[in-house]
Structures are given as C-alpha cells and as structure tokens.
Amino acid sequence: MAKVLLLIITFTFGICYSVYADNEVNDTENLKIDQFNISLSFGIGQRDQFVVGQDDLKLYLAPSISYYGAHLFFDNGTLGYTFKEEAQWAFSVITELNPYAKYFNHNHISNSFLEFSEAVPSPDYEGVLDSASGDQVITPSDNEYLILTKKVTTELMRKKRISLDGGIQLNYFLGANQRIDFSLLHDVSDLHNGYRFDLNWNMGFQFALFGQQPWRAKLGLGLDYLDANSANYYFGFSDENLETSYIEPYYPGHIMIPAITLNLNRKLTKHLSLMLYIKHQNLNAKISKSPVITSDQINTSFIGLTYVF
Amino acid sequence: MCFSLVSDFHKHIRLPFILLLFFSPYGFSLEQGLPKVNSTKIIIEQFEIRPLICITQMLGNNCELKIKLNWRSNINSDFCVYQETRLIKCWENARQGQHKETLTLIKNTRFSLRLEGNQVILAQQNIKINYTHSDTHRRRLRSQWSIF
Numbered sequence: 315m316a317k318v319l320l321l322i323i324t325f326t327f328g329i330c331y332s333v334y335a336d337n338e339v340n341d342t343e344n345l346k347i348d349q350f351n352i353s354l355s356f357g358i359g360q361r362d363q364f365v366v367g368q369d370d371l372k373l374y375l376a377p378s379i380s381y382y383g384a385h386l387f388f389d390n391g392t393l394g395y396t397f398k399e400e401a402q403w404a405f406s407v408i409t410e411l412n413p414y415a416k417y418f419n420h421n422h423i424s425n426s427f428l429e430f431s432e433a434v435p436s437p438d439y440e441g442v443l444d445s446a447s448g449d450q451v452i453t454p455s456d457n458e459y460l461i462l463t464k465k466v467t468t469e470l471m472r473k474k475r476i477s478l479d480g481g482i483q484l485n486y487f488l489g490a491n492q493r494i495d496f497s498l499l500h501d502v503s504d505l506h507n508g509y510r511f512d513l514n515w516n517m518g519f520q521f522a523l524f525g526q527q528p529w530r531a532k533l534g535l536g537l538d539y540l541d542a543n544s545a546n547y548y549f550g551f552s553d554e555n556l557e558t559s560y561i562e563p564y565y566p567g568h569i570m571i572p573a574i575t576l577n578l579n580r581k582l583t584k585h586l587s588l589m590l591y592i593k594h595q596n597l598n599a600k601i602s603k604s605p606v607i608t609s610d611q612i613n614t615s616f617i618g619l620t621y622v623f
Numbered sequence: 016m017c018f019s020l021v022s023d024f025h026k027h028i029r030l031p032f033i034l035l036l037f038f039s040p041y042g043f044s045l046e047q048g049l050p051k052v053n054s055t056k057i058i059i060e061q062f063e064i065r066p067l068i069c070i071t072q073m074l075g076n077n078c079e080l081k082i083k084l085n086w087r088s089n090i091n092s093d094f095c096v097y098q099e100t101r102l103i104k105c106w107e108n109a110r111q112g113q114h115k116e117t118l119t120l121i122k123n124t125r126f127s128l129r130l131e132g133n134q135v136i137l138a139q140q141n142i143k144i145n146y147t148h149s150d151t152h153r154r155r156l157r158s159q160w161s162i163f
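Protein chains in written order, with this note's numbering: chain A, 315 to 623; chain B, 16 to 163.
These aren't lab readings, by the way, just hints derived from the structure by calculation. Be a bit skeptical, because a hint or two may be false.
Said to hold, decoys possible - Straight-line distance between alpha carbons at most 27 angstroms, and here's what the computed DSS-like set of lysine-lysine pairs gives: (1) K83/B x K398/A; (2) K603/A x K473/A; (3) K346/A x K473/A; (4) K473/A x K372/A; (5) K398/A x K122/B; (6) K83/B x K346/A; (7) K346/A x K603/A; (8) K81/B x K56/B; (9) K104/B x K122/B; (10) K83/B x K115/B; (11) K81/B x K122/B; (12) K346/A x K143/B.
To be verified - Examples of chain A residues toward chain B, derived with CB under 10 angstroms: (13) S378; (14) L488; (15) N516; (16) Q520; (17) Q526; (18) Q527; (19) H568.
Every residue gets a Cβ at the ideal spot worked out from N, C-alpha and C, and that includes glycine.
Sequences and hints are given; from them, build the entire structure.
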C-alpha cells in the first residue's frame with residue numbers, strides 16, 4: 315500500500331503542476347455561506363480493518379454534508395463556531411464524535427454515513443465465533459485458544475463506546491493552497507476523559523493530464539496525538555469485565571499516529587467529477603502490540619464518481 | 016490605609032523606574048525622534064505607493080498587484096524601502112527614488128521608508144486587501160473527506 319501511495323505521489327509530482335489560480339473559486343474548499351453542500355460519491359473502496367474480530371470494510375457510497383454560516387459550521391460530523399477569521403488564520407471551537415471510535419463501534423456517525431457499505435468476513439474467522447463459548451473451560455491448545463482469544467477480545471471491543479470530544483481548532487493559511495490545521499480536543503462525555511491533538515498540513519495543486527480539464531489534487535500530512543486515557547481506552551485491552559482471563563491486560567499509553575492522504579479530483583460535468591482518495595495511517599509498535607490490534611497500519615482507499623447536488 | 020499603601024508604593028518605585036528608563040538600553044531619549052544626518056533633520060517630502068488597494072476574491076487568497084513607489088527627502092542619504100520586515104530596495108546617497116515591483120500579498124501590508132541600518136520608520140503606507148466574495152463564501156475549515 316505504501317509503495318502504491320509513493321508511486322502515485324511521485325507520478326503526480328512528476329507532472330508539471332501548478333497551484334490553483336487565484337482568480338478562481340475552488341468550489342470544494344470555498345463554500346457558499348448559508349447553504350448546505352451535499353454530495354454523494356459512488357464507486358469502490360476499502361478500509362482495511364486492523365481490529366481483532368473485524369473485517370475489511372468495503373465502501374461503495376460516501377456522502378458528504380457540510381454547512382457554513384457566517385460563524386457556525388457543520389462539516390461531515392464536526393460542529394463548530396468560528397470566533398475569528400482573518401486572512402491567514404481562523405480560530406474556532408468544535409465538537410465531534412471521536413474519530414478513532416469509528417474503528418471500534420459501528421454506531422459511529424461516519425459509519426452511519428457509510429451504512430451502505432459492507433463488511434466482508436475474513437475466511438479464517440467466519441463461523442468460528444459461534445462455535446466458541448465464553449465460559450467454556452479452555453485447555454490452551456492451538457486452535458481453541460485462538461478461537462477463544464478472538465471471542466474474548468471481540469466481545470470487549472464491542473463494549474468500546476463513542477466519546478463526544480470538544481475543543482479548539484486553529485487553521486493557519488499559507489496562501490490559497492496550503493493550510494495547517496491544529497485542533498485540541500477533550501472527551502466532554504466523561505467516557506475516558508482523554509485528550510487528543512491533531513496537526514495536519516494540506517497542500518492543493520492542479521495539473522493537466524488526459525485533456526484540458528485540470529486535475530485537482532490535495533496532499534496531506536497529519537499527526538494525531540492521543541494521551542494515555544484516550545489511547546488506553548480505544549487501543550488498550552483489559553478483560554476485567556469477563557470472568558475468564560486468558561489475555562494479559564495491555565495499555566499502550568500515549569501514542570502518536572502519523573498519516574498521509576492524497577485526494578485527486580477531476581470535474582467531468584457541472585455536477586459530476588471523478589475522485590480518488592487514499593489514506594495511510596501508521597500504527598507504531600505500542601499500538602500494534604495490543605492484543606486487540608491485528609495490523610501496524612490503517613489503509614483507506616476509494617475511487618469513484620462524485621455527484622454534487 | 017489602602018490609599019496610603021498605594022501612595023507609598025508609587026513613591027518607592029517612581030525614582031528607580033525613571034532611572035531605569037533613562038539608563039536602560041531600551042530606554043527612551045528626549046533627543047529621539049526623526050533621525051538626523053550631519054545635524055540636519057530628515058524630512059520625507061514624499062512617500063507614495065500606487066495602488067493602495069488590492070482586490071481578490073476570498074479571504075486568504077493571494078492578491079497580486081504591480082506597485083509603483085516614489086519617495087523624496089530633503090537631504091541625501093542611504094534610504095531603504097521595506098515590505099513589513101522584508102527589504103525591497105536600497106538607494107545609496109540619494110534624496111529621491113522610484114521603484115516598480117509585482118507583489119503577492121495575503122493580508123494588509125505595511126511599506127516603510129527607513130535609513131539603511133536603522134529601524135526608525137521615516138514614512139509608511141499601507142496596502143489594503145479588499146475581497147469580492149467575503150460576504151458570500153467561506154473557506155472550508157475541515158478536511159472534506161474526514162468521513163473516511
């Protein structure tokens with residue numbers, strides 16, 4: 315996946331590119347005030363699952379809903395109020411459901427948006443869970459041990475709830491095409507009382523390929539920090555709520571998750587455009603050693619058409 | 016009692032404070048004002064930039080414009096023009112000058128005329144950015160595909 319991403323980035327940068335012209339309004343980044351912006355992307359994509367007991371999520375539909383008033387805004391699940399917006403920066407307070415909860419809890423609003431998507435069971439796991447009982451006596455041998463381990467961890471992962479986070483956001487604009495976003499949020503729902511901060515750099519550019527209509531691209535580099543409370547809640551493991559105990563509790567402590575994203579977009583008609591989205595998040599050893607985590611990365615990709623209503 | 020305490024406080028700090036101002040390297044001097052060259056006070060007779068307004072679409076968009084600046088002083092010296100803290104051009108032993116340049120601005124920007132190597136601003140002008148879409152559009156503040 316990383317190689318594919320590197321190839322795409324090299325390819326796109328290899329083409330003569332230019333930043334957006336200043337005299338045109340980029341209609342995905344500059345939105346009309348007091349108007350709902352609704353679009354629906356349809357195509358094929360996948361979010362590789364990295365949580366024990368879960369399977370790759372096939373993506374077919376991806377809606378996008380946003381509304382920006384003079385100060386108030388809602389953008390795909392994030393509600394915010396901008397107190398001050400200047401040429402180079404904007405300061406807002408925001409609230410949103412914890413984005414990491416979506417990997418563990420299917421009731422997350424992001425998953426609701428993706429409700430037409432389909433989780434595909436992995437062949438080596440399908441049908442195994444039903445045959446295992448949580449209270450059976452284990453002779454820790456081979457396959458049975460593995461089966462029960464999966465069942466125990468899966469049951470616990472189902473109990474991970476979604477926190478509502480609230481905090482501040484600072485956007486710093488480096489011209490019309492580059493932006494640094496910083497947000498600091500705290501669990502205001504009193505679930506794990508954790509903090510997290512996100513730092514993201516985005517750069518937009520465009521290039522010509524296969525015709526006159528330009529491709530718009532957006533490259534992003536991000537770093538999320540989760541304090542020990544947040545990280546232990548979502549990435550940690552404790553079977554204190556179960557009578558059986560086969561797995562050592564695990565708490566990763568505070569963690570950092572770097573990410574790289576690439577979004578390509580090419581307008582076909584006034585309402586329709588072609589889009590490609592790739593996101594790679596790296597999970598370091600503190601996370602991947604957790605008994606509830608099965609991979610050291612999270613990969614999301616989607617290719618399809620976007621219809622703007 | 017309170018009044019007495021405040022009065023004493025002022026009495027005790029007033030003298031050291033005044034001394035500090037005069038003897039500190041950051042203190043002020045009554046002589047300080049416009050710089051002098053050979054005891055002649057510099058008078059800037061003209062410092063003009065055209066245009067003083069740049070128009071772009073959105074808050075945060077780059078605003079590109081060609082400026083023309085003219086300045087004139089009463090005496091010859093080494094003068095420099097700055098865009099905020101960036102040096103644009105210096106003139107040696109001159110009493111007037113003009114310059115044309117294409118600039119890209121993102122916010123209201125101050126231009127100043129100073130003596131070379133001196134931070135004192137002799138004259139200044141501000142170029143203001145006006146927006147055509149500021150009442151109708153806003154910049155997106157979150158990533159469009161955060162749903163993923």
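So, going through the hints one by one against the coordinates:
no. : hint            : verdict
1   : K83/B x K398/A  : 33 angstroms, violated
2   : K603/A x K473/A : 20 angstroms, holds
3   : K346/A x K473/A : 41 angstroms, violated
4   : K473/A x K372/A : 23 angstroms, holds
5   : K398/A x K122/B : 15 angstroms, holds
6   : K83/B x K346/A  : 35 angstroms, violated
7   : K346/A x K603/A : 46 angstroms, violated
8   : K81/B x K56/B   : 32 angstroms, violated
9   : K104/B x K122/B : 21 angstroms, holds
10  : K83/B x K115/B  : 5 angstroms, holds
11  : K81/B x K122/B  : 16 angstroms, holds
12  : K346/A x K143/B : 24 angstroms, holds
13  : S378            : 6 angstroms, holds
14  : L488            : 8 angstroms, holds
15  : N516            : 7 angstroms, holds
16  : Q520            : 15 angstroms, violated
17  : Q526            : 23 angstroms, violated
18  : Q527            : 19 angstroms, violated
19  : H568            : 23 angstroms, violated
In summary, the structure is inconsistent with hints 1, 3, 6, 7, 8, 16, 17, 18 and 19 from the numbered list given earlier, while agreeing with the others.
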